[in-house]
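A.B. asks: Under mature numbering (1 follows the signal peptide of the UniProt record, and there is no 0), the residues of the sequence shown are numbered -33 to -1, 1 to 672, in order.
Calculated from the structure, these hints are not laboratory results. Just so it is clear, CB atoms sit at the ideal spot from N, CA and C, and this is done for glycine as well. Mixed in with the good hints, there may be bad ones.
Unchecked claim - Capping the alpha-carbon separation at 35 Å, the derived lysine-lysine pairs in DSBU-like fashion look like this:
| # | residue 1 | residue 2 |
| --- | --- | --- |
| 1 | 553 | 577 |
| 2 | 577 | 616 |
| 3 | 154 | 607 |
| 4 | 607 | 549 |
| 5 | 549 | 616 |
| 6 | 596 | 607 |
| 7 | 596 | 577 |
| 8 | 616 | 596 |
| 9 | 577 | 154 |
| 10 | 577 | 549 |
What the hints assert, rightly or not - Label-pair restraints from in silico Cβ distances:
| # | residue 1 | residue 2 | range |
| --- | --- | --- | --- |
| 11 | 384 | 161 | 49 to 57 Å |
| 12 | 568 | 256 | 37 to 45 Å |
| 13 | 247 | 325 | 21 to 29 Å |
| 14 | 207 | 406 | 38 to 46 Å |
| 15 | 441 | 463 | 44 to 52 Å |
| 16 | 261 | 157 | 53 to 61 Å |
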Amino acid sequence: MKGGFAMTNSALKILYLLIIFASGALSAGFSYAGTPDLAPTVPNDWLEEIPVGYQQLSDYEDHNSSPFYISGSDLYYNIAVENIGNSIAGDFYIRIELDGPQTDSWIYNLDLWPFFSDETFSFSSDKYLGNLQPGAYTISVEIDYYDDVQESDESNNYFERIITVGEAGYSSISGRIFGDLNFNSSKDAGEIGPEGWTVYSDTNFNGAFDSSEPNDITDSNGNYTLTGLKAGSHLVCAVSQSGWVQTYPYQLSAPEPQKMSTAESQPDNYTTQGSNAPLFKMGQTDSEIRPNMIEANDLIGISDFRNDYTFAGYSGQGYAAAVIDTGVDVDHSFFGPDLDNDGVADKIVYQYDFAENDSSAADYDGHGTHVASIIASEDDTYPGIAPDADIIALKVFDDEGNATFGYVENALQWVVDNADAYNIATVNISLGDGENDATFTPGYGLNDELAALVEMDIPTFCSAGNSYMDFNPAEGCSYPGSDLNTISVGAVFDDDIGYMSYSGGATAFSSDSDRITPFTLRHSDISCIMAPGAQITAAGLGSISTMSGTSQASPVLAGVSIIAQQISEDILQRRLSFAEMKDLIKAAAADIYDGDDENDNVDHTYENYKRVNAYDLSNALIEISDVHKNYVTLEAGEAKTDLDFGFYKLTPDFNTDGAVNQTDLSIFASCWLQSPEGDCVKTDIDESGFIDYIDFKHLVQLWGI
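Let the hints inform the model, and build the full structure from the sequences given.
C.D. replies: What follows is the structure in structure tokens.
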């Protein structure tokens, strides 16, 4: 990387500062004075500095002052760093990150300088990125010190822009709100407005407008346009005003499931590679037995989910999870009774050993039993996430404890062929190759089987890997977690469990909920979701055991996905696609930051990650099912149009004949003490959800009686 900077002050002043610094006048006493505050900005003259022939990238926030442009395969940027706080002397860095069809990040180090208040460094450089793929990118710039502390109180040390490369960039949604004068749920001639209403994309699916969400205000004709949208799922909502009721949309506007566009994601069939490459378990046994898993359940919202009557009965019944692992303890009490006396707990509906080619998936290790229990144990003290789901145990380890990707490939082929027969809703692979892939990787012959599962709306969850000690601070995930058609899962602590040391040398000097475990691999772009993974007590061989690892985090997501599919099939009448599942999990997840409160012996990425929240995810599905909202999926660069909303202004002229008379009174009487449905919506004047005496009082007032 090439780069340079220059102070905006004169050369004489710079020379003077260097002289007094070299003389020692500043070296002893110069330090932070109060709270320094560094702000990345765009130099006022940056446009004039762009060389002729360079293409400026468009920026939806400010089309005239984007500090980024491209020439060929290089990304160029031109920014400034202004000290808007107190004077400082110390090392600090500029971190620039590209997130989109390609991902990359890099750091430019600024050497020790006397950096006075109100001084400004202008900074320009370029970065070779190969051939930039067309699409929408988020570029972020962060300024910070090398003190291993996130300056979360510095409101000005970060900014980001959405830019586009080529024709396929960020997306947009447009439409209109119309006044449905005749209450027929369609836009007719002359039905315009209202003006000044807010339309927004509910990016976190929480059913409320947040100021940070993309939004627009309707014009005098009721038109709106949402711009700068990323590809994926969007829930478009209109903020209703008092005295109006919504008439359109009135039917579920669910899209067709989004399919992956890559060739790997649309296979006509699968092939068998039979790789002999080994893969490894991603969990280790701990000595402590926890009395329950309340902390983990509280952290991810499962406790709230189970206490909300809205979701009563959603526990995975009728669905199955395929667990590709070391097998399962087939007669463990956590997997239910053995009512047919065949020596196998009735929850285990199928088992097979692909390493030894026999019908017994008996577990001699305990890893697979533990993983399966996290998904679907029906024990009262240690219940699984989906305690009524069935288990399909697909063993891929031989009697010597060795596994190959060829065995996993055969197991995945079985899942593709038998998913319908067993109503398989999810696949869990808490295994990996031990590598640290920084990009999506099709490997070992599994990608076509995994792509086939994507086409069947069956998500596959994989452990991210436990070897961060070997690779930190480089981001990455082990395979198959790095496959385009899987969702990788990293591990966080669910509580303060004190000092913890792990194989490989990773050590947490202290721990607390939502701190990222020091062993977990992590990547902010390879769909890495965080979940509790230390310490997790669940079924062991013949008893219970406690284990820690991304092996334990992955089945948490697998169990959550079963619940999500069950809710979706009930209220949306279809399964979520793989892309929707991933989008919604992320949208409803909590944000956690690597490096804010972790206390361990590894270097941190200083990146944001998502930690699953099952309760918020379930409520997001309720929001999607709301018949008054537009739920759509966008491709990169797509301009979606005609997403309209109709509203009817409440009036005592119920039959809209231009007069208030006996007919209107008859309409009101027919709706008396009913719920506002159909034409009776118009008679719920106070919008209480019921037609009663209060509405009659309003009606009398409107009539002027």
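A.B. asks: All hints, please: hold or fail.
C.D. replies: Quick rundown of the hints versus the structure:
With a CA separation close to 6 Å, the supplied pair residue 553 and residue 577 stays within the 35 Å bound. Of the supplied pair hints, the one linking residue 577 and residue 616 is violated, its CA atoms being roughly 41 Å apart against a limit of 35 Å. For the proposed pair residue 154 and residue 607, the alpha carbon gap of about 18 Å is at most 35 Å, so the pair holds. As the CA atoms of residue 607 and residue 549 are separated by approximately 21 Å, the hinted pair is consistent with the 35 Å bound.
Of the supplied pair hints, the one linking residue 549 and residue 616 is violated, its CA atoms being roughly 39 Å apart against a limit of 35 Å. With a CA separation close to 15 Å, the supplied pair residue 596 and residue 607 stays within the 35 Å bound. Among the hinted pairs, residue 596 with residue 577 is consistent with the structure: their alpha-carbon atoms are about 25 Å apart, no more than 35 Å. A C-alpha spacing of about 18 Å is found between residue 616 and residue 596, which places the hinted pair at or below 35 Å, so the restraint holds.
For a cut-off of 35 Å, the pair hint linking residue 577 to residue 154 is broken: about 41 Å separates their Cα positions. With a C-alpha separation of about 11 Å, the suggested pairing of residue 577 with residue 549 holds against the 35 Å cut-off. Between residue 384 and residue 161, the C-beta spacing of about 55 Å keeps the proposed range 49 to 57 Å intact. For the pair residue 568 and residue 256, the beta carbons lie near 26 Å from each other, so the given range of 37 to 45 Å is not met.
For the pair residue 247 and residue 325, the supplied restraint of 21 to 29 Å holds, since their beta-carbon distance comes to about 23 Å. For the hinted restraint 38 to 46 Å between residue 207 and residue 406, the CB-CB distance of approximately 44 Å keeps it satisfied. At about 28 Å, the CB distance of residue 441 to residue 463 disagrees with the hint of 44 to 52 Å. Between residue 261 and residue 157 the beta carbon distance is about 60 Å. The supplied range of 53 to 61 Å therefore holds.
The earlier numbered hints that this structure contradicts are 2, 5, 9, 12, 15.
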